[in-house]
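Peer 1: Here the protein sequences come in this chain order: C and L. Using the numbering used here, the letters of the first sequence correspond one by one to residues 417 to 685. Using the numbering used here, the letters of the second sequence correspond one by one to residues 5 to 905.
To be clear, the hints were calculated from the coordinates, so they are not data collected in a lab. It is possible that some hints are incorrect.
Unchecked claim - In the DMTMM-like style, the derived pairs of lysine to aspartate or glutamate whose C-alpha atoms are separated by at most 25 Å in a straight line are:
(1) L/LYS699 to C/GLU634
(2) L/LYS699 to C/ASP680
(3) C/LYS445 to L/GLU884
(4) C/LYS445 to L/GLU104
(5) L/LYS661 to L/GLU591
(6) L/LYS606 to L/GLU443
(7) C/LYS438 to L/GLU170
(8) L/LYS202 to L/GLU271
(9) L/LYS404 to L/ASP379
(10) C/LYS438 to L/GLU718
All figures in this text were calculated on a predicted structure; none of them were measured in a lab.
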Amino acid sequence: MKTFRKYYFQFVFLLIFMGCEKPYSWDFKPVESEAIVVDGIITNELKEQCIRLSGPNLNLNDTLNPLSGATVVVDDSITRYEFIESPDIPGSYYSEPFQVVIDRKYRLTIESGDRIYEADAEVVPVTAIPDIIVALDDSTNLNRFVYSASSQASMTEVFYDWSHDQAFCQDYGFYNAQETYYTLNNTDVNAVFGPNREIIYFPHETILIRKKYGLTDEHQQFIRSLLMETDWSGGIFDVQHGNVSTNLSNGALGFFAACMVITDTTRID
Amino acid sequence: MVSFIFQVRVANNREGKIRFSFPTITFQTFFLILFFINKVAVSQPAILNRPITARYDKVPLGAVLEDLSLKFGVKFSFSPRKIPENAPITASFSNVSLLEALNIILDDLPIQYELMDDYIILKKGGTIKSEEEVDMVRRFTINGYIKDNKTGELLIGATIYIKELELGTISNKYGYFSITLPPGRYTLFMSYMGYENKEYAVELTSNMKFDISMAQSLQLMEEVVITSVDKEKILFKKVASQSEILPESIKKQPALLGESDVLKTLELQAGITFFSDGSSYFHVRGGHYDQNLILLDEATIYNPSHLLGIFSPIIPDAVKSVDIYKANFPINYGGRLSSIIDIRTRDGNMNDYSFSGSMGLISARATIEGPIREDRSSFFISYRRSYFDRFIRRLAPSLKNLYFYDFTSKLNFRLGSYDRIFITFYKGRDIFRIQQENEQINGLDWGNSSATLRWNHVFGSRLFLNSTLLGSRYNYYLRSDVTTDRYWLSEINNSSLKEEFTYYIKPSLTLRFGTRLAFYDFNPGNYNNPDDPESIQVSPVHSVEAVFYVGADHDLFPWFTMHYGLRNVGWTNYGESFVVQYNDAYEFEGIEYYEKDEKFYKHTGIEPRISYSLKAGSNSFFKGGYSRTSQYINLISNSISPFNSFEVWLPAGPNIKPQLSDIIDFGYLRHMPGHGLMFEGNLFYKWMYNQIGYKYHANMLVNPLVEGEIRQGEGRAYGIELSLKREKGRLQGQMAYTFSRSFLKIEELNEGLTYPALQDRPHVLTISFAFQARPRWLITGSMNYASGAPVTTPSSFYYYRGYQVPLFDRQNNDRLPSYKRIDLASTFQLNKMPDRFEHTLTFAIYNMFGQQNPIFLYFNKTLDDNSVPVVPADHLNTAEITPSIRYTFIVLPSITYQFRF
């Protein structure tokens, strides 16, 4: 009886608090969209800045649908930066090297077909990256990155390069990976009780490059909206779905931002 | 001299933050009026038949009446503007009754009189001369309480029927009845479901106080012992869209994990749909779940859930009656658009002690009741606590606490024939604590509590007063650190005073009037940081609601009855508060600060209500009505989850318009007594205004600008409900089918186009049965089918920095798979009947075919190495996304032991 009770409660507990989740074949009802998607963050790094343009896909997991032939310009009222589409990577538009600075407003103008899309961006400072923390999983002898929340609204991209470990590359399928962490000023129920996220484990000697972006309020709101439909969706406190916000005009999707970034690189022993 | 000063002090619950008290409210005048009515309404009907001898010679009418009044102690009531006080009266009579004397005195005057208790009311009109006409105006009242003969429990909705006149009435929510008739010999016939009928012969020559005790039927299943005539009377009096659930049927229904659940039983009613498995949210006739008012002995239960909604907080043993109104609310009820669920608790056994309880796999409950002073006062105490935390802690040591409990108690005092006092206290709570890796303990706890003091008083024999003073509280804590007392708290406190009068003018006319004054304190979710205890992120709001109503239940013809009335609701918000101002684009414009007690928002609404019942033949009725309702309290949440989360309550105010609805309905009801069948069909159409929606990805938690996230628009719902019940024989049951639609149109959402509301479930079918297989073996079951809930699915996808982002074309453009569930239970009575000690064992299977009913559809996950859906982390090597669903509660068997002695 005792054993029965133990297993019964285990069963009930799992049902109630985790529920059951399983893959499900769903017939989406696709609707054509003529919107363009802008993925553009220009930074204070002196480099060829990149803005990617694409279009929506009707089906889940379709490959990126690059948008070619657009005219892309960023203007800070002093200098006009033209972005030219890369012949190797369709939909990716690169500028001559430049870097953004604080106290300047950047305006993106995209001309595609007979439509013009615009967005403005400003730059806020970014605070230092906290010391890196990794945790070792004893059973696999692999590490995982532990994110420390920042004191400011920020986005931290973590790049993993484990190309030195061929066995791991083969096992994972790729020689590198990248994940993104955020510190936002809002508290959301679906974030607090969000769904399980995949954990990226990495072998010793992996090189970690952390890139931290300072976020304006508008950028932060965009990210919050993005996460509501991606990382935070799928828990037991989901909220009403809706289109992710944007700062682009004329029905364009995505976001244009100008960010201060700081970067550090660490090799994990 | 009676004087009573009633003080209300309301304090914001954030100790040390805003604290204020309302201005002292003096109800002296009100109570003096009550005292006065009480003094003058002492019944002395015999005086009316005393012989009178008198002689008047040109004496003014006023003086004649004064003389009669002085000599015989009768009281005359008239308007001097309508009655000629100076008219000279010349009359002489010897040994005649007062009524005959009045006929002589008023012979040539255009004056009519009417007897009302010990008053004689003079009105303009023709005189009445014949004996028959005298009898027409002479009326006596039979009034009293109807109760269970063993327990003294007052019986709600019992029928009192006068066979000779084919007239009747029904006992009210406090077991009280009053019926006024001409003098004569009558047979009083009493009936109540599950009780033996009772008959009394009475000779009515004066007012009678008549408390009636009825004996329970000994049959195990509640056979319908009500006669067809009485049933017809009940059905005739019943308003459209009203139904009730018997406590016995709640306990018999197969329940999740064996936990009988009062609210979950509602899903068997036509027009009521539960959100999903594991949810205590339900939708009534296309309304949102916050549009249901759940009352426990008149106090509001704001969050009717345990374990996020898996169970509801009402202990079934404590329930005496459950009345459901889906429209045509009684005139004394309001405040929500879609339904009133009026739950009354048991009064407690006045004659004997009894103890009952149950043990299931999740919780145990115990109830004790008995007399404090036999036949004068009683108590009732019921307690339930879950105990699965003991086992779960072994599985997950970091789980420090996970349990819920409910405590219901009631005291009941009979203070003479005319007064009763009921005191109810309820408290229910969920506690969840978990220890984090850093030893910090955090968790959740939420609960409702309420206290109700009710005083029933009968003035004379026809005026019934229910006076209620109540307080209720709901709070929800999200504790980020239990040790240092850091938490987020959302709270609503309510205290109110209600005075409800029922005046039984005559069997065909009952007048209802009254008032309600309610004070509310809202804390819409603030974070408490002990280092900065004064900080407030979202302004508290304080409100007062004043309601006045008057209505009547009027039998215009023996075949046509109407219920009509008007409610006036006034809502006021006052400081100390700060109100955020927004422009037309919902952008922040400024903040206005209001000092303590400073009023900053007022709204008044009139709610007309009218409903009718028309006898269309033997046991057939047409019913219908129109009603307007308003709602000033809103549950603010953009969640699409069936589980309770961190909702906050906010009142109407400068940024939130009150919700309103107009509903018309039309129904047909047919009773087939020979087969014990009852068919009911209802059509309804509901217009809803100022319905609440939310900006996409609204920021609801700890947001000072939360009101700016709200968008309001219009809603409409319509549908048809059909049900067939069998209430007779070994096989009883019910089948209910509902077709209904519910739509919203909010200018700023879905491009301003109409879209299906979250509660839009076109087809709902429920079947339930109870089969008495053997005298001690009962089999019950139920089947539920509902169209899937609306869901918003992407119309396309786009890539942004490694994310596959969904793009939506329309809100709620799709639907989850339909919901199906079959439950079965078998109850064995272990004792041989009848026995002082009764005990039963129930085996139940919830969702016996293991139907996987989705509650969520996700389209943002990839499968991990174990094929478990997870959110992908790698944004460089984009993973393949697989749609997934989440469901709960596949086959769940349970066993429950219940006892009573």
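Peer 1: So, against the hints stated earlier in the document, which numbers end up violated here?
Peer 2: Hint check: 2, 4, 6, 7, 8, 9 and 10 fail, others pass.
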